[in-house]
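Asker: Letter 224 of the sequence shown, counting from 1, is numbered 224 in full-length UniProt numbering, and no numbers are missing.
For the record, the hints were derived by calculation from the structure and aren't laboratory data.
Among the hints, erroneous ones may be present.
[To be verified] Simulated DEER-style distance windows between Cβ atoms:
1. Q110 x G26: 19 to 25 Å
2. G203 x S37: 23 to 29 Å
3. Q200 x N40: 21 to 27 Å
4. L149 x P39: 44 to 50 Å
5. A190 x S130: 26 to 32 Å
Glycine included, every Cβ here is placed at the ideal spot set by N, Cα and C.
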Amino acid sequence: MSTPSLAEMRSNDTVRQGLPGRRISGGSRAPRAGCVSQPNQRLIALIPRSNLGLTATAQPTFWFDLPALDTAKQVEFNLFNQAEEQIYSQALIATGEAGVASITLPETQQLAPGETYRWSFSIICNTESSAANLAVTGFVQRVELTPELTDQVAEMSLQARLDLYDQAGIWYDGLTALIGLRSSQPWNTAIDARWQTLLQSIGLEHTVSASLVNSLFESNENQFSTPPKQSRLTLADYAAR
Numbered sequence: 001m002s003t004p005s006l007a008e009m010r011s012n013d014t015v016r017q018g019l020p021g022r023r024i025s026g027g028s029r030a031p032r033a034g035c036v037s038q039p040n041q042r043l044i045a046l047i048p049r050s051n052l053g054l055t056a057t058a059q060p061t062f063w064f065d066l067p068a069l070d071t072a073k074q075v076e077f078n079l080f081n082q083a084e085e086q087i088y089s090q091a092l093i094a095t096g097e098a099g100v101a102s103i104t105l106p107e108t109q110q111l112a113p114g115e116t117y118r119w120s121f122s123i124i125c126n127t128e129s130s131a132a133n134l135a136v137t138g139f140v141q142r143v144e145l146t147p148e149l150t151d152q153v154a155e156m157s158l159q160a161r162l163d164l165y166d167q168a169g170i171w172y173d174g175l176t177a178l179i180g181l182r183s184s185q186p187w188n189t190a191i192d193a194r195w196q197t198l199l200q201s202i203g204l205e206h207t208v209s210a211s212l213v214n215s216l217f218e219s220n221e222n223q224f225s226t227p228p229k230q231s232r233l234t235l236a237d238y239a240a241r
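With the sequences and hints as input, model every part of the structure.
Answerer: This is the structure:
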């Protein structure tokens with residue numbers, strides 16, 4: 001059985017149904033919530049409709065579309081293992097600028113092949129009431145490339161990596177490659193069209209910002225991690241399920 005393509009995973013709502021993720025936060029009504037600069041702006045996680053995406057890397061990158069904030073705010077990223085134990089947490093400061101930005105796991109926090117993890121990301125609008133915060137949550141599962149393919153990927157161009165990840169249905173890494181190409185080649189209409197097609201396929205073409213922001217977060221050095229358990233799962237194993 002072949003591995004589903006990224007396009008199939010994007011458009012197929014039945015992939016791993018039952019995972020209680022949330023791609024789009026509730027609206028925040030400024031100034032009552034003291035957070036967004038315009039009423040009912042939302043925090044958006046760039047993930048499939050199923051709320052689950054695959055990665056072939058131990059430290060994947062997670063992408064979010066942040067609304068414009070009235071002032072700099074603290075944001076929190078948390079990672080949980082399959083037992084719902086928190087294994088990583090990082091607090092950052094959002095500058096308040098709107099745009100698409102990312103969080104990458106550090107080298108000290110590696111995802112184990114075959115494990116499915118839940119993550120959450122929140123903008124802290126009110127330190128006294130979590131109900132006022134903007135929050136999204138989703139899932140990531142790491143699959144393992146063969147050693148030969150891992151070596152090939154290391155030598156590939158970003159475009160070749162994107163094509164490989166797209167064909168293999170590896171969401172997080174494919175998205176990171178596409179955004180990398182879009183950031184380095186803003187004049188490339190073919191890449192921009194591919195970006196728009198991706199947003200359309202997950203139903204976010206009218207909600208995600210066109211801007212990519214490289215300096216959206218400022219670290220406040222508040223993070224912790226614990227080592228995950230180890231297991232193995234290859235792409236062939238995943239396709240056979």
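Asker: Please go over all the hints and tell whether each is borne out by the structure.
Answerer: Verification of the hints:
no., hint, verdict
1, Q110 x G26: 19 to 25 Å, "violated, 33 Å"
2, G203 x S37: 23 to 29 Å, "holds, 25 Å"
3, Q200 x N40: 21 to 27 Å, "holds, 22 Å"
4, L149 x P39: 44 to 50 Å, "holds, 48 Å"
5, A190 x S130: 26 to 32 Å, "violated, 43 Å"
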